[in-house]
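Q: Could you put together the complete structure from these sequences and hints?
Number of protein chains: 6
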Amino acid sequence: MAEHENYTSYLAEEYVIQEEPFYLPVGDEIELFEVAYSQNLPVLLKGPTGTGKTRFVEYMSYRLGRPLTKIACHEDLTASDLVGRYLLEGDETRWVDGPLARAVKAGAICYLDEIVEARKDTTVLIHPLTDHRRILPIDKRGEVLEAHDGFQLVVSYNPGYQSALKDLKHSTRQRFMALELTHPPADLEARIVQHESGVSEEMSVALAKLGEKARNLKDHGLQEGVGTRLLIYAGKLIARGIAPRRACQVAVTWALTDDQQVQRSVDEVVNSIFE
Amino acid sequence: MAEHENYTSYLAEEYVIQEEPFYLPVGDEIELFEVAYSQNLPVLLKGPTGTGKTRFVEYMSYRLGRPLTKIACHEDLTASDLVGRYLLEGDETRWVDGPLARAVKAGAICYLDEIVEARKDTTVLIHPLTDHRRILPIDKRGEVLEAHDGFQLVVSYNPGYQSALKDLKHSTRQRFMALELTHPPADLEARIVQHESGVSEEMSVALAKLGEKARNLKDHGLQEGVGTRLLIYAGKLIARGIAPRRACQVAVTWALTDDQQVQRSVDEVVNSIFE
Amino acid sequence: MAEHENYTSYLAEEYVIQEEPFYLPVGDEIELFEVAYSQNLPVLLKGPTGTGKTRFVEYMSYRLGRPLTKIACHEDLTASDLVGRYLLEGDETRWVDGPLARAVKAGAICYLDEIVEARKDTTVLIHPLTDHRRILPIDKRGEVLEAHDGFQLVVSYNPGYQSALKDLKHSTRQRFMALELTHPPADLEARIVQHESGVSEEMSVALAKLGEKARNLKDHGLQEGVGTRLLIYAGKLIARGIAPRRACQVAVTWALTDDQQVQRSVDEVVNSIFE
Amino acid sequence: MAEHENYTSYLAEEYVIQEEPFYLPVGDEIELFEVAYSQNLPVLLKGPTGTGKTRFVEYMSYRLGRPLTKIACHEDLTASDLVGRYLLEGDETRWVDGPLARAVKAGAICYLDEIVEARKDTTVLIHPLTDHRRILPIDKRGEVLEAHDGFQLVVSYNPGYQSALKDLKHSTRQRFMALELTHPPADLEARIVQHESGVSEEMSVALAKLGEKARNLKDHGLQEGVGTRLLIYAGKLIARGIAPRRACQVAVTWALTDDQQVQRSVDEVVNSIFE
Amino acid sequence: MAEHENYTSYLAEEYVIQEEPFYLPVGDEIELFEVAYSQNLPVLLKGPTGTGKTRFVEYMSYRLGRPLTKIACHEDLTASDLVGRYLLEGDETRWVDGPLARAVKAGAICYLDEIVEARKDTTVLIHPLTDHRRILPIDKRGEVLEAHDGFQLVVSYNPGYQSALKDLKHSTRQRFMALELTHPPADLEARIVQHESGVSEEMSVALAKLGEKARNLKDHGLQEGVGTRLLIYAGKLIARGIAPRRACQVAVTWALTDDQQVQRSVDEVVNSIFE
Amino acid sequence: MAEHENYTSYLAEEYVIQEEPFYLPVGDEIELFEVAYSQNLPVLLKGPTGTGKTRFVEYMSYRLGRPLTKIACHEDLTASDLVGRYLLEGDETRWVDGPLARAVKAGAICYLDEIVEARKDTTVLIHPLTDHRRILPIDKRGEVLEAHDGFQLVVSYNPGYQSALKDLKHSTRQRFMALELTHPPADLEARIVQHESGVSEEMSVALAKLGEKARNLKDHGLQEGVGTRLLIYAGKLIARGIAPRRACQVAVTWALTDDQQVQRSVDEVVNSIFE
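Chains as they are written, first to last, in the numbering used here: chain A, 1 to 275; chain B, 1 to 275; chain C, 1 to 275; chain D, 1 to 275; chain E, 1 to 275; chain F, 1 to 275.
It should be emphasised that the hints constitute simulated quantities derived from the structure, not laboratory data. All values reported here derive from a predicted model rather than from experimental measurement. Some clues are possibly wrong.
Identical copies look the same in the list; a pair holds intra-copy or inter-copy alike.
As the list claims (entries may be wrong) - List of simulated lysine to aspartate or glutamate pairs, DMTMM-like, C-alpha gap at most 25 Å:
| no. | residue 1 | residue 2 |
| --- | --- | --- |
| 1 | 140 | 97 |
| 2 | 169 | 81 |
| 3 | 213 | 259 |
| 4 | 140 | 75 |
| 5 | 169 | 267 |
| 6 | 120 | 268 |
| 7 | 169 | 219 |
| 8 | 169 | 28 |
| 9 | 140 | 212 |
| 10 | 213 | 258 |
| 11 | 169 | 212 |
| 12 | 120 | 97 |
| 13 | 169 | 196 |
| 14 | 140 | 219 |
| 15 | 213 | 268 |
| 16 | 120 | 259 |
| 17 | 120 | 258 |
A: Below, the structure written as structure tokens:
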């Protein structure tokens, strides 16, 4: 559990990243994010599972020297969860800021992951933070927070999941500059897998090749390509002595899908690489 | 964050606009709004995302010298959120007015954005404010607020989103004079983009041309035309050194849609303008 | 805001009408209502938006010298909202009558607008008030209110909205004498428009003609005919100097519908009248 | 309001009927109910709106000398509403029996009207009262009430409304002896109309004939036949000077249906009788 | 009301059966239940309405000398209703065990009737009681109850009602030994009807024959066969002087179905027996 | 009830397993789990009912010397149920950790059974525990728990139940190494049945053969194969003197399905084995 030693303070998902996270840029995403940050443009990250959206935000948080607040959106997250609420203590009520209010005050980078899962009241809540006024109205206290200069709003979603029901409304999405992230190219992915799992360079190249080939199975019924994370899992198992084919079966094939026919297609790819 | 310095007081989304907002009229909308205001006719603004509905209301608020209360409607907004509620403090309960009640008392311009998203009880709540009596009954207190002379009700929605489920009932819509707003003509939009983003006049004309052409892609699967805001975003990126094609890709193409075919159509328009 | 000076007391939607409201009878509706009132027959008013249901009830309230309680039904209105509830005050609970209970005690005319929008528990609640016993059971207090002699129950709905889901059950509707209200004939409507908007007689005749012709567009996709209220709006704009065609466009055409083809049909009618 | 003088005590829908209600038996329903009562058999009354189910129960309540508790079922009625609940008073909680618990203790005839509208927990609640043990378990108090000897459970519903969704489960319905009630024959109905409305014998015969004929319109789209109550309404209007055709139009035709074609069919029947 | 004298204590649906209930075994169900009891195997009873599931459990409760807790499942029954909850008393909260917790402690036979109606959290709650550990975790108290040695879990449902939505999940149903109960054979049923209703042996044989024949009408649209209970009802009416045909009409035909064609089929069976 | 003596402490579903559970490995699942444990890889167990998922986790808990927390997921389980909540005690509120928070602190193996049944907020809650940071944010206390070194997250589901509605999102499932469990081979299953039920070796071999053959009936409409548990039930009945065919009917055939045709197929298999 050495990895988390580079965080100092823990306060409800707000943390300051003290050591540079391992991040290999694919294109000009760092420059674009920096300009957006300097111009107060909210940023929308789009991309499938495992393309490093979270890691990228963590890296930019470190690079820009701002604390990070990460909030996983879901349909039971209320506006009060984000903004804050009154708590009853004995005979008194005390106001407790929610993570969004704390981020607005602290000038944090606030990352709302999978924004399309959020309830409508949550989505509407962030509109005034994307306006030129950059404010967070707190109805229950009859006050309005102005965002600290360093505050930056980042949201993400996975377009592969999009349905008619769960879609960002245009009045929301036309408030963000959008970056589309993709799976890293094979050479980059090999370096990531090697760094995170501890396998040999040769093995990491083989695993990256597996990732690339498995992503081409989309037309064979594989809903979503394999993320880098699962390749790292396979690497970790291999590094501890599990045979590569078996490691890939439990960390990639079975993890990706329950469909036996699709599993056979993935296994074939595995076998073609680890003969 | 200089923009918000022209607001003085912050009280739960009520604010007084002290400096004239930048607004370029398209037709006689200012005159019509002024007559409606003088005759106590509630106003309905219709139009797609990014046609400046909010800016227009802010401008009229400044011009008429009335405070502005802006409320974003959504399906979890309750009547109590608007009217007010009793809060428990120690052993006592204290009544706290909601933003609508405050607007009614203060004679503010009260702007209910995206009214079709509101719950039915919220919609019904504003009916008595549109009657000749102009009252807001507060059931929980057994009292009735008469609207201050300056009070003006404005609601808006985007007809492009209309569905059978989310439609204003006739008993509601036949209470409003209606203004249909459209995207500004290209010359006006160029002036707005130049003013807000800081790009050169030539570049702003090119971006306005992009806006106009992209809106003609509706038949190519683009649900909603690009709003002026995104053109300003592109301008801000360009003004900070991002190449125009790349700036338009992240601020316009990717921001507008996830559909790869539609993205190609938008990119073609971008490329035809920024050769 | 001179209009509301003819009301004296304000208590949660109960009010006593002191000056005769402007009401022009269409047929024998006044006589029928008076007989129903004398015989304790509950009354159901049916008719489209803008046919003066509310005005008629206000007029009968004035004529019969009874206070009026008006309740707009919607799907979030609970039985407690109508009957009353216990409120916590410090360490004590205090009972607060709801508007229906107050109307029953005061012998008011109680008008439930758009009854089909009400929840089932609300509909069931009024059944005992329509029985020969004319009582309102208040379960939470274990008591039963007998209606004051002057109490009269009036409900309304718009048959044009009727759907299988939102329909009065026969066990409810067979408790009411029913009056079907229609848009007033053109000469009557002209007099109303002239009285309320201040336009000339000639202009009011033209606006009434517009109303009549626009209602014939139902087969052209116009869901609901234009109500007198919107004609008055148009009149008010015209009286303040807006050109008649433009006034009718914003107060009638755009207010009535978002459908561009239907808008063209209405505009044609407007243009044929205001050449 | 003379009618309700024959009730003495009012306690949450429990009342003792002191004067014999006007009830004309159609067949052996009184004898069957008396045997059911003596044998503790719960009774289910089936029949369309206006066939006198309530009046029959009131009559049996008078005849058997038992108080009557009438509960209108709807989908928001909770088990607690029926059984009772703890109320907070200052620092103490006090138990308040619900109407079903009071009926069980008082040995009342408990009439659950439109039982199919009740929520499932309510339906299940009455099962133990129909068992040979005749008990009402009160979970929240950890106690069980044995029904007083005189307690009799009666439920009703209208089979015409039955849908797959709202149907009595067999485990519920096989706990009741069932009586099917129909509209009274014409001669009986004439006597009822005359007694309740005060019209002449001749007029009451005409109105009863209207009832009979209108019920034959079911194949012409009339969902539910006219109940005796509406005929009485028409009679009351006629007795106060309204012309018979007009009285039948507002009290029968318009009250029964919104469908213009069906209205024409009913009006034809009216006109054939009141030439 | 003599029947319930054989119960001594009443505590929230827990009762000790002191006199042997009248139960006539159909096959080896008593032996199978006793083995299941001795081996701590949970028991699932399947069968249509009126096949004596409850009576069988009551009989086994008497035979095994264990108290009985009977819980009717429905979709509004919460886990807290079963396990217990904290109640507020003045300034203190007091824990009150629910009926399932009491049964677990007392070693009762706990009978969950119509388990498929229960909410998912309720179904999951009983899983640990069917494991070899036989425990009931009480989350809110942070404690775990071990079942008393005599505790036996019995659930039931009616397979005739089964739908895709309301079905026992396999992870639940594969925790029970299952007994399928059917209507008793005619000679047994005659003895039950005679014992419970007091009719003559000849009449009871006729009623049992009616039961048998009516159950063969399933292909004529009769959803569910007549249960023994309704035959007893008919017997009770006959014993008090109601003519057999009329008694069977109200206690069997009308009680079973609202469908007139099916009613005619049942009446034909009745008439063929009681000529 | 001797089985549960090998558990010492009971604290809300957390228990320490003191005696080695009876577990017969099928393949390399123990080794894979141990590597996953050493590398902090969360584990997903997939497999039908009765394949020993719970038993396997209990065995690994014993083998690794970690306490076990088992949580049955269902759609009414809230995030607060897992993480903890404030309880009101007199005038004070006290925080009570939920079972997940306790497991995180104690370094337990936390087993979320049937994870696909969980609500979305619950699923999202475990994401940070699968990240490299291994944290559990407790929003309501504004603090973050770091997982104890020994903490291991295990989730399970049954792919046979999978529907479009109830599916693990890819952003969740790509966080787990996956093990697919199957029914044990016949020789292993015979040894388990013999050990748990006490039947002879020959009988246990026959019962294992029944299990194997019954699982081949899937194409005959048997939704889910018979689990080992039901075979043990049959064995227990047989060991207590019930005839094998009858024991298999109540413990296997009737327990598995309500479908009479499928029951006949299973009975045929039973009869072919126990001739």
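Q: Each of the hints needs a verdict: does it hold here or not?
A: Hint by hint, here is what the structure shows:
1. In this homomeric assembly, residue 140 and residue 97 come within 25 Å of each other (Cα to Cα) both inside a single copy, at 11 Å, and across copies, at 10 Å.
2. For the homomeric pair residue 169 and residue 81, the shortest alpha-carbon distances inside one copy (22 Å) and between copies (23 Å) are both at most 25 Å.
3. Taking the closest pair of Cα atoms, residue 213 and residue 259 come within 25 Å of each other both inside a single copy (18 Å) and across two copies (24 Å).
4. For the identical chains of this complex, residue 140 and residue 75 are neighbours both inside a copy (22 Å) and across copies (18 Å), given an alpha-carbon limit of 25 Å.
5. For a Cα distance limit of 25 Å, the shortest separation of residue 169 from residue 267 across copies, 22 Å, qualifies, whereas the shortest one inside one copy, 40 Å, does not.
6. Within a single copy, residue 120 and residue 268 get their C-alpha atoms no closer than 44 Å, and across copies no closer than 34 Å, so neither meets the 25 Å cut-off.
7. Taking the shortest alpha-carbon separations for residue 169 and residue 219, only the inter-copy value of 19 Å comes in at or below 25 Å, while the best intra-copy value is 29 Å.
8. Taking the shortest alpha-carbon separations for residue 169 and residue 28, neither the intra-copy value of 27 Å nor the inter-copy value of 30 Å comes in at or below 25 Å.
9. Taking identical chains as interchangeable, the C-alpha atoms of residue 140 and residue 212 are never at most 25 Å apart, the minima being 50 Å within one chain and 42 Å between chains.
10. Taking the shortest alpha-carbon separations for residue 213 and residue 258, both the intra-copy value of 19 Å and the inter-copy value of 24 Å come in at or below 25 Å.
11. For the identical chains of this complex, residue 169 and residue 212 are inter-copy neighbours only, at 21 Å across copies versus 33 Å inside a copy, given an alpha-carbon limit of 25 Å.
12. In this homomeric assembly, residue 120 and residue 97 come within 25 Å of each other (Cα to Cα) both inside a single copy, at 21 Å, and across copies, at 24 Å.
13. When the C-alpha separation of residue 169 and residue 196 is checked against a cutoff of 25 Å, the pair qualifies only between copies, where the shortest distance is 24 Å, while the shortest distance within a copy is 38 Å.
14. Taking the shortest Cα distances, residue 140 and residue 219 never come within 25 Å of each other, neither inside one copy (50 Å) nor across copies (44 Å).
15. When the C-alpha separation of residue 213 and residue 268 is checked against a cutoff of 25 Å, the pair qualifies only within one copy, where the shortest distance is 10 Å, while the shortest distance between copies is 31 Å.
16. For a Cα distance limit of 25 Å, the shortest separation of residue 120 from residue 259 across copies, 23 Å, qualifies, whereas the shortest one inside one copy, 34 Å, does not.
17. For a Cα distance limit of 25 Å, the shortest separation of residue 120 from residue 258 across copies, 20 Å, qualifies, whereas the shortest one inside one copy, 32 Å, does not.
Violated hints, in rising order: 6, 8, 9, 14; the structure is consistent with all others.
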